[in-house]
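*Asks:* Construct all of the structure, not just a fragment, from the sequences and the given hints.
For the protein sequence lines, the chains are A and B, in the order given. This note's numbering applies: residue 358 is where the first sequence begins, and numbers increase by one. This note's numbering applies: residue 358 is where the second sequence begins, and numbers increase by one.
Treat each hint with caution, since some may be false.
[Claimed, not checked] Partial selection, computed: residues in chain B whose CB lies under 10 angstroms from chain A:
#1 N486
#2 F487
#3 V643
#4 T717
#5 S754
#6 D811
#7 M899
Simulated from the structure, these hints should not be mistaken for laboratory data. Positions of the beta carbon are idealized from the N, C-alpha and C atoms, including for glycine.
2 protein chains.
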Amino acid sequence: MTQLKQYFPILEWGRVYNKQTLMSDLVAAVIVTIMLIPQSLAYALLAGLPPEVGLYASITPLVAYGIFGSSRTLAVGPVAVASLMTASAAGAIADAGSASYLAAAVLMAAMSGLFLLIMGLLKMGFLANFLSHPVIAGFITASGILIATSQLKHMLGIKAHGENLLQIVQSIIAHIGDTNLYTVMVGVPVLAFLFWVRSGLKPLLVKAGLSDFSASMLSKTGPVFGVVGTSIAAYVWNLGEHGVSLVGEVPTGLPGFVMPDFFHPAWRELLVSAVFISIIGFVESVSVGHTLAAKRRQKISPNQELIGLGASNIASACSGGYPVTGGFARSVVNFDAGAETPAAGMFTAIGIGLAAIFFTPYLAYLPKATLAATIIVAVLSLVDFSIIKKTWQFARSDFVAVITTIGLTLSLGVEMGVACGVFASLALHLYKTSKPHMAVVGEVPGTEHFRNIDRHEVLTHEEVLSLRVDESLYFANAGFIEDRIYALLEKYPKTRHVILMCTAVNEIDLSALESLESINHRLKDSGIKLHLSEVKGPVMDMLQKTHFLSELNGQVFLTHHLAVNAALNESRSGSDWTI
Amino acid sequence: MTQLKQYFPILEWGRVYNKQTLMSDLVAAVIVTIMLIPQSLAYALLAGLPPEVGLYASITPLVAYGIFGSSRTLAVGPVAVASLMTASAAGAIADAGSASYLAAAVLMAAMSGLFLLIMGLLKMGFLANFLSHPVIAGFITASGILIATSQLKHMLGIKAHGENLLQIVQSIIAHIGDTNLYTVMVGVPVLAFLFWVRSGLKPLLVKAGLSDFSASMLSKTGPVFGVVGTSIAAYVWNLGEHGVSLVGEVPTGLPGFVMPDFFHPAWRELLVSAVFISIIGFVESVSVGHTLAAKRRQKISPNQELIGLGASNIASACSGGYPVTGGFARSVVNFDAGAETPAAGMFTAIGIGLAAIFFTPYLAYLPKATLAATIIVAVLSLVDFSIIKKTWQFARSDFVAVITTIGLTLSLGVEMGVACGVFASLALHLYKTSKPHMAVVGEVPGTEHFRNIDRHEVLTHEEVLSLRVDESLYFANAGFIEDRIYALLEKYPKTRHVILMCTAVNEIDLSALESLESINHRLKDSGIKLHLSEVKGPVMDMLQKTHFLSELNGQVFLTHHLAVNAALNESRSGSDWTI
Numbered sequence: 358m359t360q361l362k363q364y365f366p367i368l369e370w371g372r373v374y375n376k377q378t379l380m381s382d383l384v385a386a387v388i389v390t391i392m393l394i395p396q397s398l399a400y401a402l403l404a405g406l407p408p409e410v411g412l413y414a415s416i417t418p419l420v421a422y423g424i425f426g427s428s429r430t431l432a433v434g435p436v437a438v439a440s441l442m443t444a445s446a447a448g449a450i451a452d453a454g455s456a457s458y459l460a461a462a463v464l465m466a467a468m469s470g471l472f473l474l475i476m477g478l479l480k481m482g483f484l485a486n487f488l489s490h491p492v493i494a495g496f497i498t499a500s501g502i503l504i505a506t507s508q509l510k511h512m513l514g515i516k517a518h519g520e521n522l523l524q525i526v527q528s529i530i531a532h533i534g535d536t537n538l539y540t541v542m543v544g545v546p547v548l549a550f551l552f553w554v555r556s557g558l559k560p561l562l563v564k565a566g567l568s569d570f571s572a573s574m575l576s577k578t579g580p581v582f583g584v585v586g587t588s589i590a591a592y593v594w595n596l597g598e599h600g601v602s603l604v605g606e607v608p609t610g611l612p613g614f615v616m617p618d619f620f621h622p623a624w625r626e627l628l629v630s631a632v633f634i635s636i637i638g639f640v641e642s643v644s645v646g647h648t649l650a651a652k653r654r655q656k657i658s659p660n661q662e663l664i665g666l667g668a669s670n671i672a673s674a675c676s677g678g679y680p681v682t683g684g685f686a687r688s689v690v691n692f693d694a695g696a697e698t699p700a701a702g703m704f705t706a707i708g709i710g711l712a713a714i715f716f717t718p719y720l721a722y723l724p725k726a727t728l729a730a731t732i733i734v735a736v737l738s739l740v741d742f743s744i745i746k747k748t749w750q751f752a753r754s755d756f757v758a759v760i761t762t763i764g765l766t767l768s769l770g771v772e773m774g775v776a777c778g779v780f781a782s783l784a785l786h787l788y789k790t791s792k793p794h795m796a797v798v799g800e801v802p803g804t805e806h807f808r809n810i811d812r813h814e815v816l817t818h819e820e821v822l823s824l825r826v827d828e829s830l831y832f833a834n835a836g837f838i839e840d841r842i843y844a845l846l847e848k849y850p851k852t853r854h855v856i857l858m859c860t861a862v863n864e865i866d867l868s869a870l871e872s873l874e875s876i877n878h879r880l881k882d883s884g885i886k887l888h889l890s891e892v893k894g895p896v897m898d899m900l901q902k903t904h905f906l907s908e909l910n911g912q913v914f915l916t917h918h919l920a921v922n923a924a925l926n927e928s929r930s931g932s933d934w935t936i
Numbered sequence: 358m359t360q361l362k363q364y365f366p367i368l369e370w371g372r373v374y375n376k377q378t379l380m381s382d383l384v385a386a387v388i389v390t391i392m393l394i395p396q397s398l399a400y401a402l403l404a405g406l407p408p409e410v411g412l413y414a415s416i417t418p419l420v421a422y423g424i425f426g427s428s429r430t431l432a433v434g435p436v437a438v439a440s441l442m443t444a445s446a447a448g449a450i451a452d453a454g455s456a457s458y459l460a461a462a463v464l465m466a467a468m469s470g471l472f473l474l475i476m477g478l479l480k481m482g483f484l485a486n487f488l489s490h491p492v493i494a495g496f497i498t499a500s501g502i503l504i505a506t507s508q509l510k511h512m513l514g515i516k517a518h519g520e521n522l523l524q525i526v527q528s529i530i531a532h533i534g535d536t537n538l539y540t541v542m543v544g545v546p547v548l549a550f551l552f553w554v555r556s557g558l559k560p561l562l563v564k565a566g567l568s569d570f571s572a573s574m575l576s577k578t579g580p581v582f583g584v585v586g587t588s589i590a591a592y593v594w595n596l597g598e599h600g601v602s603l604v605g606e607v608p609t610g611l612p613g614f615v616m617p618d619f620f621h622p623a624w625r626e627l628l629v630s631a632v633f634i635s636i637i638g639f640v641e642s643v644s645v646g647h648t649l650a651a652k653r654r655q656k657i658s659p660n661q662e663l664i665g666l667g668a669s670n671i672a673s674a675c676s677g678g679y680p681v682t683g684g685f686a687r688s689v690v691n692f693d694a695g696a697e698t699p700a701a702g703m704f705t706a707i708g709i710g711l712a713a714i715f716f717t718p719y720l721a722y723l724p725k726a727t728l729a730a731t732i733i734v735a736v737l738s739l740v741d742f743s744i745i746k747k748t749w750q751f752a753r754s755d756f757v758a759v760i761t762t763i764g765l766t767l768s769l770g771v772e773m774g775v776a777c778g779v780f781a782s783l784a785l786h787l788y789k790t791s792k793p794h795m796a797v798v799g800e801v802p803g804t805e806h807f808r809n810i811d812r813h814e815v816l817t818h819e820e821v822l823s824l825r826v827d828e829s830l831y832f833a834n835a836g837f838i839e840d841r842i843y844a845l846l847e848k849y850p851k852t853r854h855v856i857l858m859c860t861a862v863n864e865i866d867l868s869a870l871e872s873l874e875s876i877n878h879r880l881k882d883s884g885i886k887l888h889l890s891e892v893k894g895p896v897m898d899m900l901q902k903t904h905f906l907s908e909l910n911g912q913v914f915l916t917h918h919l920a921v922n923a924a925l926n927e928s929r930s931g932s933d934w935t936i
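*Replies:* If you want it as structure tokens, here you go:
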């Protein structure tokens, strides 16, 4: 039963579901539904897919997540980055609008779902930890810029395309002459309206007497007014005949069951992109989920999240939708609106389903510029360059990771940007650990503590070289440490005892052991003893499996203080230790 | 001048060259020359190149290394693994024996030389540290098996080929019916002779009255007797007409200048292989160089070695040779024979040059089976499976790296084997550091030292949770550590103070800082204080650049003892600290 509850969190929260929870969830669902309708349509546009696909991706995935997801408040559905990545992957193998393009998008959802599910069953959630905060921040900022720029064409009513920022900008400039003034006259006001809604509507509503909560929630539904207003305008002034792109006829009704086309000729090419979408979507979801769960002292399980998101994507594919994940903005709204369980998401699914049945006829007159404006406002709120300054001040390695990620995302696309960002951060970490900090230490007078001679006033003895290696000993730094020890012996030629203080040595591998053996032999030849102090339990366990301790030309001491005293006693008395 | 001496080590040792050094170097050169002639021919055969190319690769590279190399005794030239890799790369784009194949081999030497030179000038020698000992050992063992198996066809006089062990074995089995008995009758005795020379000749010579040194050196020249003996046999009994493959006519004279064909249509495909050959050759050279230098208290400089090997490969390419590197066996012989400076290598080059002028006519009758036997004996001495048992006993991660390297080298080839071995060892290291060891610690009675409560009898206090994190804090483990701390707080619910003992924290990055901030906020909310103790200088410098220390809901203590005492005082008195 516990096992079952772990894989089906619905069994956990479903048992304590009551009327009060139902009311909270229903309120949240209404608000999220109103917010999600324009977003679903907009992100489908961004992905190059028909608008109804956005709606379909907002129905079954929410139900699946409600059953399998471990976060109480995460709201899944189409999101900006996954839409951009879908467009980029599907666009590489088919023309937007073709049946093959749609099939590719659906297949990507299916592959992404299977991949996430397998990762979850194999408990591989920890892999997400290898995406560092700077890489994520850089990547979100850069993709926000990419997405916002890509939407300018819809605001101007021109054709433009490109895989990276330069191409998009060049393409827009090349076509700028085709700008449709009617489209601009729809797009710019609605963009201004949406920006104003974001910051200006709520204070106004509060001033008008609404409670803080109502004002906040109502202002989240702002985009719907943009949608309604511009649709009416397009209908009344017949803007479609003046060259304003409209959404056009949208099929009415719920999606049917769709079998993803696993025999799509391009499945191999889509696989890598599906993996990228999965990992990035997962990391995004988990970080939102963590943040929200922490606020209510709840927990999410990364491995169960993989299963929840996997199930959502499979559900999306089976209803003709495209890749989904947990959205940042809508999850926060869901949380703030009082959602208490994933049932809120299921009610949202019902809301979107009703919209698909009753609301779609009215979408025919919706200008695409309105949807583009919705996207621009949403993604520009994610753009945050402060991470560049922050990392510059904090650490060069984090800075390089951010710059690499932003630069390559803008110039080579999202997948290359993230991959190179992760690679750069790992490489920098490995580089640092391959040239570890090593300090010659001395005793803080009157204590048994040892500190760096360059930073503290400490006692040292010319015959005893106390050395602290600030890193685990492993293959990448074994040679470096060996060389440094020999160099230090040249600097301190009177040394008769080298004591390695191992407080920071958390691991030792075979390469490092062989280096220690060779240091031991070389020091022995020179009549110098090698001692170890403060060796940790796990490292001592490793050493005891080998001959190293029996061959060691010295001793292992529990504390560095004992080691130094023993070395000094021997030097003074001239006698040898007994081991 | 110091700068110049650094880049031209010949200026250093050349100034103190005297008659005694000259004699030592000459003796070593004679012995290495006799050893190198059959090896050069054999490795050219292994590389699928005409025999004279092996000789050419043993002339100019030795002179170039003598000028630029930093090891006094390293003997460069064609080696087994580089020959195998050359055959594999050139064979992928042209047929062995064709002009395009030869041009590809020469181009690989040129590209490899340039790559090494650039690496050296950029001081990238440290990259070799990322090849761990287990990966190198596994790779050498597996390539020894691959090479020995690939030579069986020459021993049997059949045609066989393949990229991996399975293919080679299958191909040999498929052609076993074509076995030429005359070839077997040449190959098997010479193989037995060479194995015997390796272990049985020296004791015999000592018994015959030779000094230990003379016996040892003379036994190294054994292969030459195999070459001479089988050549005479082939001539006398006209074995060529009985289907025994002979080396055939070899051009006489020194190599002319060859301009490497940088416009070879396949240079892109060869580039990756050239990089692999460079790195593997470099690692092999440096490890031999290090070992020999240490015996005489000399030093080698990895970055200068890159320049030396780079110059050697460029020199090889310019004289129509193929990739070279420092050979293990011949360097040891050179060292044992008393070589004192790289001049020994230059004299060896003269020796090989004389052989190319005067000796080549006699090679026409040399059976290829003899060369194959030379190769088999040489590479089987490198095969050593003890690394598997050693790593199994020592650490699972080293074991996985070895098994991956051996398995993939045998099944997918040398490049994939090494690449995946390096990847596996790095991934395992990162995995380990992403789930670091964390110990709850307590005070060793009567001391100021703190140890793991699970391993030692120590004092603890229910309101103070002392926690030692045995790893640097960085993005890959930030989330894990956060979760572990929360889990420990559930286990120790009376905790009022959490003290992180940072003895093993060598680095902190932005992701980890953000985790610390979030831990700090969450503990603050629960009325628990967070303290740090024994923070190292470099980490403290990092923290001081941020707001963390001013927001910290606790203090930073120089020693863990002070931290615990302060926490206990506060708990007992009920009063608050002043910061």
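*Asks:* Classify the hint on B/N486 as holds or violated, based on whether any CB of chain A lies nearer than 10 angstroms to its CB.
*Replies:* 5 angstroms, holds
*Asks:* Should the interface hint for B/S754 be scored as holding, given a Cβ-Cβ cut-off of 10 angstroms against chain A?
*Replies:* 7 angstroms, holds
*Asks:* Against chain A, is B/D811 within 10 angstroms by beta-carbon distance?
*Replies:* 8 angstroms, holds
*Asks:* Does B/F487 meet its interface restraint, that is, does its C-beta lie within less than 10 angstroms of any C-beta in chain A?
*Replies:* 5 angstroms, holds
*Asks:* Tell me if B/M899 is really an interface residue toward chain A, meaning its C-beta lies closer than 10 angstroms to one of theirs.
*Replies:* 7 angstroms, holds
*Asks:* Close enough to count: is the Cβ of B/T717 nearer than 10 angstroms to one in chain A?
*Replies:* Hint violated; B/T717 Cβ to chain A Cβ min 42 angstroms, cut 10 angstroms.
*Asks:* Less than 10 angstroms between beta-carbons is the criterion; does B/V643 satisfy it with respect to chain A?
*Replies:* 9 angstroms, holds
Going down the numbered hints, you'll see the structure goes against just number 4.
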